[in-house]
Structure formats: structure tokens, C-alpha cells
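From just these sequences and the hints, can you work out the full model?
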Amino acid sequence: MLRQGVQPDPVGMAIELTEKISLRLGELQSAADRLSRILERERERTGEDAPRIDKVMVSIERHTRLLSGKVRVVNRFFRRIGQASSLFDLKELIEEAALFSARLAHLKRIAVTVQTDEDLPKFRSNPAGLHFLVSGIMARILTGMREGGTLLVKGVEQDGRALIQVEGKGQWKEGFTEAVEVDDLFRPVAGEIPVERGVVLSSETEGLSVKRVSLFLDVTTDRSPTTT
Amino acid sequence: MAPLPYRRTCQFRRLWYGVISLTSVVALFPLIFLAVIDYRATQHDLESEILLRTSRLVSNTRRTISYFLEERKSALDFIIHDNSFEQCADPGRLASILDRLKQTFGGFIDLGLIDPLGIQRVYVGPYGLTGKDYSVQEWYREVVTQGTYISDIFLGYRNIPHLVVAVKYASESGSYCVLRATLDTKKFNKLLSNLEMAGEGDAFIINHQGILQTPSRFHGKVFEKISLPIPKYAPKTRVYEWETPEGTELIIGYRYIKDSPFILMVTKQKSELMKPWYNTRKKLIGFLVISMVIILMVIFGGTTYMVNRIYTADQKLIMTLHQVEYSNKMASLGRLAAGVAHEINNPLAIINEKAGLIKDLLTFKKEYAQDHTLSAAIEVILSSVKRCGRITKRLLGFARHMDVSIQSIHVGEMVSEVLEFLHKEAEYRAITISLDISDDIPQIETDAGKLQQILLNIINNAFAAMEKGGNLEISAGMSGDDRVSITITDDGCGISQANLKQIFEPFFSTKTLAGGTGLGLSITYGLVQELGGSIDVKSEEGKGTAFTVTLPLAMG
Numbered sequence: 001m002l003r004q005g006v007q008p009d010p011v012g013m014a015i016e017l018t019e020k021i022s023l024r025l026g027e028l029q030s031a032a033d034r035l036s037r038i039l040e041r042e043r044e045r046t047g048e049d050a051p052r053i054d055k056v057m058v059s060i061e062r063h064t065r066l067l068s069g070k071v072r073v074v075n076r077f078f079r080r081i082g083q084a085s086s087l088f089d090l091k092e093l094i095e096e097a098a099l100f101s102a103r104l105a106h107l108k109r110i111a112v113t114v115q116t117d118e119d120l121p122k123f124r125s126n127p128a129g130l131h132f133l134v135s136g137i138m139a140r141i142l143t144g145m146r147e148g149g150t151l152l153v154k155g156v157e158q159d160g161r162a163l164i165q166v167e168g169k170g171q172w173k174e175g176f177t178e179a180v181e182v183d184d185l186f187r188p189v190a191g192e193i194p195v196e197r198g199v200v201l202s203s204e205t206e207g208l209s210v211k212r213v214s215l216f217l218d219v220t221t222d223r224s225p226t227t228t
Numbered sequence: 229m230a231p232l233p234y235r236r237t238c239q240f241r242r243l244w245y246g247v248i249s250l251t252s253v254v255a256l257f258p259l260i261f262l263a264v265i266d267y268r269a270t271q272h273d274l275e276s277e278i279l280l281r282t283s284r285l286v287s288n289t290r291r292t293i294s295y296f297l298e299e300r301k302s303a304l305d306f307i308i309h310d311n312s313f314e315q316c317a318d319p320g321r322l323a324s325i326l327d328r329l330k331q332t333f334g335g336f337i338d339l340g341l342i343d344p345l346g347i348q349r350v351y352v353g354p355y356g357l358t359g360k361d362y363s364v365q366e367w368y369r370e371v372v373t374q375g376t377y378i379s380d381i382f383l384g385y386r387n388i389p390h391l392v393v394a395v396k397y398a399s400e401s402g403s404y405c406v407l408r409a410t411l412d413t414k415k416f417n418k419l420l421s422n423l424e425m426a427g428e429g430d431a432f433i434i435n436h437q438g439i440l441q442t443p444s445r446f447h448g449k450v451f452e453k454i455s456l457p458i459p460k461y462a463p464k465t466r467v468y469e470w471e472t473p474e475g476t477e478l479i480i481g482y483r484y485i486k487d488s489p490f491i492l493m494v495t496k497q498k499s500e501l502m503k504p505w506y507n508t509r510k511k512l513i514g515f516l517v518i519s520m521v522i523i524l525m526v527i528f529g530g531t532t533y534m535v536n537r538i539y540t541a542d543q544k545l546i547m548t549l550h551q552v553e554y555s556n557k558m559a560s561l562g563r564l565a566a567g568v569a570h571e572i573n574n575p576l577a578i579i580n581e582k583a584g585l586i587k588d589l590l591t592f593k594k595e596y597a598q599d600h601t602l603s604a605a606i607e608v609i610l611s612s613v614k615r616c617g618r619i620t621k622r623l624l625g626f627a628r629h630m631d632v633s634i635q636s637i638h639v640g641e642m643v644s645e646v647l648e649f650l651h652k653e654a655e656y657r658a659i660t661i662s663l664d665i666s667d668d669i670p671q672i673e674t675d676a677g678k679l680q681q682i683l684l685n686i687i688n689n690a691f692a693a694m695e696k697g698g699n700l701e702i703s704a705g706m707s708g709d710d711r712v713s714i715t716i717t718d719d720g721c722g723i724s725q726a727n728l729k730q731i732f733e734p735f736f737s738t739k740t741l742a743g744g745t746g747l748g749l750s751i752t753y754g755l756v757q758e759l760g761g762s763i764d765v766k767s768e769e770g771k772g773t774a775f776t777v778t779l780p781l782a783m784g
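If you read the sequences in order, they're chains A and B.
By the count of the numbering used here, the first sequence reaches residue 228 at its end, each step adding exactly one.
By the count of the numbering used here, the second sequence reaches residue 784 at its end, each step adding exactly one.
Errors might be hidden in some of the hints.
[To be verified] Taking lysine to aspartate or glutamate pairs in the EDC-like style, the calculated list, with each CA pair at most 20 Å apart, reads:
{"id": "1", "chain 1": "B", "residue 1": "Lys652", "chain 2": "A", "residue 2": "Glu19"}
{"id": "2", "chain 1": "A", "residue 1": "Lys55", "chain 2": "B", "residue 2": "Glu581"}
{"id": "3", "chain 1": "B", "residue 1": "Lys414", "chain 2": "B", "residue 2": "Glu299"}
Since the hints were derived computationally from the structure, they do not count as laboratory data.
Since the model is a prediction, treat every value here as computed from it, not as a measurement.
Below, the structure is given as C-alpha cells:
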């Protein structure tokens with residue numbers, strides 16, 4: 001057997017690391033549950049510290065759940081990203097792109113809201129290409145915005161097509177033209193996304209404060225039950 | 229959809245076929261076209277020449293025969309006009325005239341004088357034909373009517389083939405006589421037998437009924453009917469081609485001889501006449517075939533060489549593009565992972581802080597100080613946070629390595645870091661890993677991400693080649709003053725000598741059915757070169773493989 005078939009797999013390493021983190025977070029969650037149960041049992045002993053301890057425990061459990069959710073999303077992203085083409089859920093893609101943009105949004109104090117239809121259809125494409133495009137659109141809009149403001153990411157079905165829309169509302173940096181930015185983003189990934197199947201990218205401005213980029217995807221042929 | 233490498237190979241195969249076909253057509257078509265034209269022109273010229281020569285031969289021979297007959301007819305005409313009937317009727321004088329004719333012209337056998345009743349009054353010659361009655365003979369009636377007559381060959385009273393030339397003399401008183409001479413057919417035949425003819429030629433004379441008047445080589449004896457069709461009358465010489473029922477092609481030339489019952493015919497076998505052309509044709513076709521073979525060999529060799537060069541250049545380009553794409557993808561993933569690591573670190577810090585606060589709260593209350601269950605639960609939380617932090621740090625470190633950056637790297641640490649990713653698999657498959665990293669290796673200045681990738685890829689390959697319970701040795705040491713070499717040796721299945729030459733080529737894989745794309749080692753090769761190093765492989769089938777990567781201490 002020749003070994004040329006084995007590929008370098010940094011993605012695999014990232015998956016392994018996120019799974020390890022998940023494992024540790026599970027242990028952490030379990031320990032936190034155990035501690036909560038003990039403290040509940042010993043409530044009379046904690047006395048005046050009880051409300052404060054309860055609050056801290058709620059915070060720990062909340063952050064652990066939040067963290068587990070994030071790690072799950074990252075793990076899912078890395079699992080899919082290595083494939084050349086797959087049929088995947090656009091809702092998950094939007095969720096991942098929002099997570100990866102969260103840090104920049106947090107630094108600029110921009111509130112990110114995600115609204116997606118529950119039954120948003122699946123789409124077959126190069127996941128890395130489409131992910132790059134959606135994440136790129138969000139990052140460019142965030143970069144163009146001044147501090148404060150809001151970012152709304154919508155995923156809806158419209159006229160038999162899936163629409164992913166990124167809308168920034170707030171004050172904008174001078175010279176920021178979303179149309180140019182979008183063109184720059186689309187060019188390198190155009191070959192990886194099936195343009196011939198109805199991918200349309202458009203941008204629009206509403207007044208001085210709202211800039212919106214819409215990505216339409218023709219999903220009519222992708223309603224098969226195949227999963228990623 | 230076919231796999232990319234297969235499609236690309238097909239494209240180059242199509243290119244190869246296309247170039248071969250196009251250049252072959254462009255090069256060979258004019259050659260074949262000119263050869264065909266030359267072939268047909270030469271053949272046509274030769275055939276025309278053959279026809280012309282035959283025509284000339286027939287015309288010349290006809291002139292000779294006509295002259296022969298005309299000369300003798302004129303001699304008789306002169307005699308009968310120069311001598312009175314009485315003089316001619318004198319046998320002595322007639323015998324004297326016959327002698328002079330034999331001496332002067334030759335070919336005369338006898339002479340006879342025939343009166344208007346058709347009775348031969350006087351005869352001089354070897355046969356006793358005096359008093360013979362010719363009044364009912366066809367030739368006699370003809371000469372009386374026409375004035376002169378040349379017969380075809382016949383047997384007559386003497387029962388020997390001969391021909392007769394007769395002239396009529398009419399006096400002013402209205403009476404007439406006929407002077408008749410018999411000509412020797414041997415002399416007549418000799419006129420034709422002396423002809424020199426190539427191509428199995430045959431010359432003979434027939435009468436208008438197609439009866440042979442002279443012997444023929446191929447068409448029968450005297451008085452036999454020829455197997456050839458009797459040619460139609462034409463005032464001039466004619467030459468035509470005719471094929472016998474046996475399939476022999478003949479060139480036939482003929483000429484009707486004026487004032488005689490004779491048709492001169494000359495036949496030649498076309499195949500014999502065309503022999504020189506067949507030899508020339510052989511040479512021409514041979515030359516054409518050799519030229520075509522040489523041209524095709526040059527086209528084949530040249531095209532194969534050129535397409536191979538283009539293919540190799542294309543493969544290098546693809547490999548470079550893959551490497552660029554791979555580097556870009558890794559850099560993007562690295563930045564992404566880095567962002568995520570920060571997103572994980574922040575909640576971890578909060579959890580750590582909160583768990584620390586509870587620990588403080590409970591530690592300072594003496595009623596909880598001895599509660600081991602509580603402190604154990606808190607310790608689990610804190611240690612889990614700590615472990616998560618460590619893993620996140622690795623993720624961050626891994627992410628940093630994905631981006632292009634030149635760093636000072638300790639080879640031993642880098643090897644250990646890579647092995648951390650694989651130790652679970654090594655444990656599961658009971659693979660023993662032994663390290664022999666020399667202490668005297670200084671830190672090297674190189675791209676950490678690429679080096680990590682090189683090591684990971686080679687070790688991954690080694691793992692894939694080994695069965696359960698295999699042994700992997702990783703050693704590192706100085707190679708000269710300014711280079712470090714890292715050798716990864718496994719005791720796996722090894723690589724055949726035939727495959728060993730190709731393992732660094734893009735798309736070469738024996739595991740394509742198992743999903744391999746054949747890019748792993750080619751990318752590794754490219755990465756090593758980018759770091760200014762070299763990679764060497766030694767392998768023996770069934771015993772194992774050793775990859776040695778040699779890198780400079782600092783990138784140029």
C-alpha cells in the first residue's frame with residue numbers, strides 16, 4: 001500500500017481539539033450540577049450566602065451551556081468545511097457565520113441578531129466557498145460600520161429561493177460602498193459556488209443608515225433528504 | 229463526475245490526439261496529393277508513349293509492305309506496257325524477264341500471260357501451269373474489271389500458299405491480256421518477322437475476313453482465323469487497348485493496306501511494356517511510405533515530447549495553485565480558529581472566576597472547610613476550566629501556525645507537539661514511537677506552520693503504512709554545519725521501487741479508490757522546497773520506509 005492517499009488534515013486536528021474541549025465542558029457541566037445539588041441540599045448551612053451562591057452557580061451553568069453551544073457549532077463547522085461539495089443546512093451556516101463574526105461585533109459594540117426560518121431549505125455547494133462569502137459579507141458590513149448600531153442576519157425562503165440577507169443599521173465610515181466590497185468578495189469564490197443555479201448577489205442602501213446585502217440561492221433542486 | 233486528475237489526463241490525451249491528427253493531415257496531405265498527381269501523370273505519359281511507339285511501328289511497317297507490293301505491281305505494269313503481246317507470249321523472253329525480276333526485286337516465283345478467255349497462254353516457273361483456265365477464278369474477274377489486282381494468300385492449283393499480283397493490258401483494238409506473277413510468301417513473311425518488338429509483341433497480316441495471311445506468334449497459323457476482333461476500317465493507323473477473355477491487356481495497332489486485301493496488325497502485352505513503370509511505381513510508393521513513416525515518427529515524437537512538457541508544466545502549475553489555495557485556506561482557518569479560541573477563552577475566564585469565588589466563599593467558612601465533597605466538585609470545575617484553557621491554547625497555537633510566520637523553533641518541541649495530535653491513534657493501534665532528538669540542535673528559523681504540516685503529513689503516512697503494533701522512529705540531528713535533518717522511519721509495508729520514483733508527483737496515488745487524491749506527498753515536497761530544504765526517501769517493500777527532511781538553520 002502506498003501512502004500518498006493520506007492527506008494533511010489541519011481540519012481534522014481542529015475537530016479533535018473542539019471535541020476535547022466539549023469533553024472537558026461535559027465534565028465541567030457535570031461537576032457544576034453536582035455542586036448545585038449539594039448546595040441545594042445544604043441550603044440552611046449557606047444561610048445569608050445562599051442567594052449569592054445561587055447567582056454564581058446560575059452564571060457558571062449559563063456560561064457552560066453557552067460555551068458548549070459555541071464549541072458544538074465550531075465542531076460542526078470544521079466537520080463540514082473539509083468537503084469539496086455537500087448538501088447542508090443554510091440555517092447552520094448562518095449560525096456559524098454569526099458566531100465567527102461575534103468577536104468583531106463585540107469589539108465594536110454592535111448587536112448581532114439572527115432570524116432564520118425553521119424550514120430553511122438545504123443547499124448544495126462548496127461549504128468553504130459559501131461560508132467565506134457569507135462570513136465575508138458580515139465582516140465587511142461590520143468593518144464599514146462605526147461603533148454602536150445593529151446587524152441583522154436573516155435567512156428566509158422567498159419565491160422558491162433561499163435568501164440570506166445581512167443588514168447593517170447605524171453610522172457608516174466615509175467612503176464605504178457595500179456594492180464594491182461585495183464584488184470583491186464574490187470574485188474569488190465564484191468558481192466554487194454553483195452560479196449557474198441561480199446565485200444572485202445584490203446590495204442596496206436605505207436612507208443614510210441602512211445598508212443591505214442580499215444573497216439569493218436557487219434551492220428548488222436541493223430538497224432531497226440527503227444530509228451532510 | 230470523473231475525478232479531476234482523470235479529466236485532466238483525458239484533456240491532454242485529446243490534445244495529443246488533436247495535435248497528432250492535425251499535423252499529420254497538414255504534413256501528409258500535400259505529400260500524398262503530389263504523389264498521386266505525379267503517379268497518374270507519369271503513368272499517363274508512359275501509356276501515351278507506348279501507344280505512340282506502337283502507332284509509329286504500324287505506320288512504318290505498313291509503308292514497307294505497301295512499298296513491297298507497289299514495287300512489284302509497278303514492275304509488272306512496266307513489263308506489260310514495254311513489251312508487245314507477242315513478245316510477252318514468247319516463253320523465252322518471259323523467262324528472261326522473270327530472271328531479271330528475281331535478280332532485281334526478289335520474291336517472284338513465276339510469271340504467266342493469260343488471254344481474254346482466261347487461259348494461261350504462257351507460263352514460266354517451277355509449276356506446269358500452261359493452259360490453265362482462270363476464267364472462273366475470282367482474282368481473274370477482279371483484274372479484268374479493276375486493271376490491277378493483289379490477291380490474299382491462297383493455295384491455288386499448286387496447293388502451296390502464295391499470293392498473286394496481276395495487271396491487265398488493253399490494246400487500242402479492244403483486245404486485252406493479263407500478266408500475272410506469283411510472289412514468294414516467305415519474302416512477304418520476312419518483312420514482319422524482322423521487326424524488333426518489345427513487350428511480347430506480335431506483327432501479322434490478316435485479310436478483311438480475319439484470316440491470318442502471315443504466321444503469328446500468339447494468334448495462330450496461316451489461314452486460321454484470329455481470336456481478336458477484326459478492326460473496323462480506318463484510313464489511318466489506329467491503336468487501342470483490348471483485354472482478352474483471359475484478362476491479358478493488349479495494345480493493338482492496325483492499318484488497312486491500300487489497294488490490297490490486307491490489314492497489318494501489331495499486338496503487344498501491356499503488362500510487359502509497363503514493366504519499367506511498375507519498377508518506378510514500386511520505388512515511388514516505397515519512397516512515399518518511407519517519407520510518411522519518417523514524418524509520422526517526427527510528428528509522434530515531437531508531439532509526445534511537447535505534450536509531455538506542457539503536461540508537466542501544467543502539473544507543476546496545478547501543484548503550485550493547490551499549495552497557494554491550501555496556504556490561503558489554512559490562513560483563513562487559522563484566523564477563524566483564533567477568533568473562536570478567544571470566544572471560548574472569555575466564558576472560560578468567567579467560569580473560572582465564578583468557581584474561584586465559590587471556592588473562596590466556602591473555604592473561609594469553617595463549616596465547609598472539611599466538606600470534601602464540596603471541595604472536590606469545585607476542584608473538578610476548576611481543573612476542567614484549566615484543561616479547557618490548555619486545549620484552547622493549543623487551538624490558538626495551532627491557529628497561529630496555520631498562518632505564514634517565521635519563528636524560532638526547537639525541533640524536538642515541534643515533533644512532540646505534532647505527536648500530541650496523534651498519540652490517541654498511536655495508543656489505539658499500539659504503535660510504539662521512539663524519539664532520538666540530538667541535544668546539540670540549535671533552534672531553527674523557519675515557518676512553523678509549514679514544518680508542522682510536513683511532519684504531520686509524513687507521520688500520518690507512516691501510520692497509514694503500519695499494521696497494529698508497528699514501530700515508528702523519529703530522529704533529528706545536525707547535517708553539516710548549517711542544516712538540520714529529521715528522519716521518520718516506519719516498519720510498515722514499504723513502497724515498491726517503481727512507485728518510489730513517482731510518489732512526489734501530483735495526483736499519483738495507489739489509494740484513489742479509498743478517497744486519496746494523490747496530493748499529500750506532492751504538497752509536502754512543495755512545502756519542504758519552500759522552506760529551502762530537501763526531502764529524501766528510502767524504502768524496501770515489506771520492511772519499511774524512511775523519509776529524511778533536511779532544512780537550513782535559517783531560511784534564506
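Status of the hints after comparison with the structure:
For the suggested pair Lys652(B) and Glu19(A), the alpha carbons sit about 13 Å apart, so the restraint of at most 20 Å is met. Among the hinted pairs, Lys55(A) with Glu581(B) is consistent with the structure: their alpha-carbon atoms are about 13 Å apart, no more than 20 Å. Between Lys414(B) and Glu299(B) the CA atoms are separated by roughly 17 Å; this keeps the pair inside 20 Å, and the hint holds.
Checked against the numbered hints given earlier, this structure breaks none of them.
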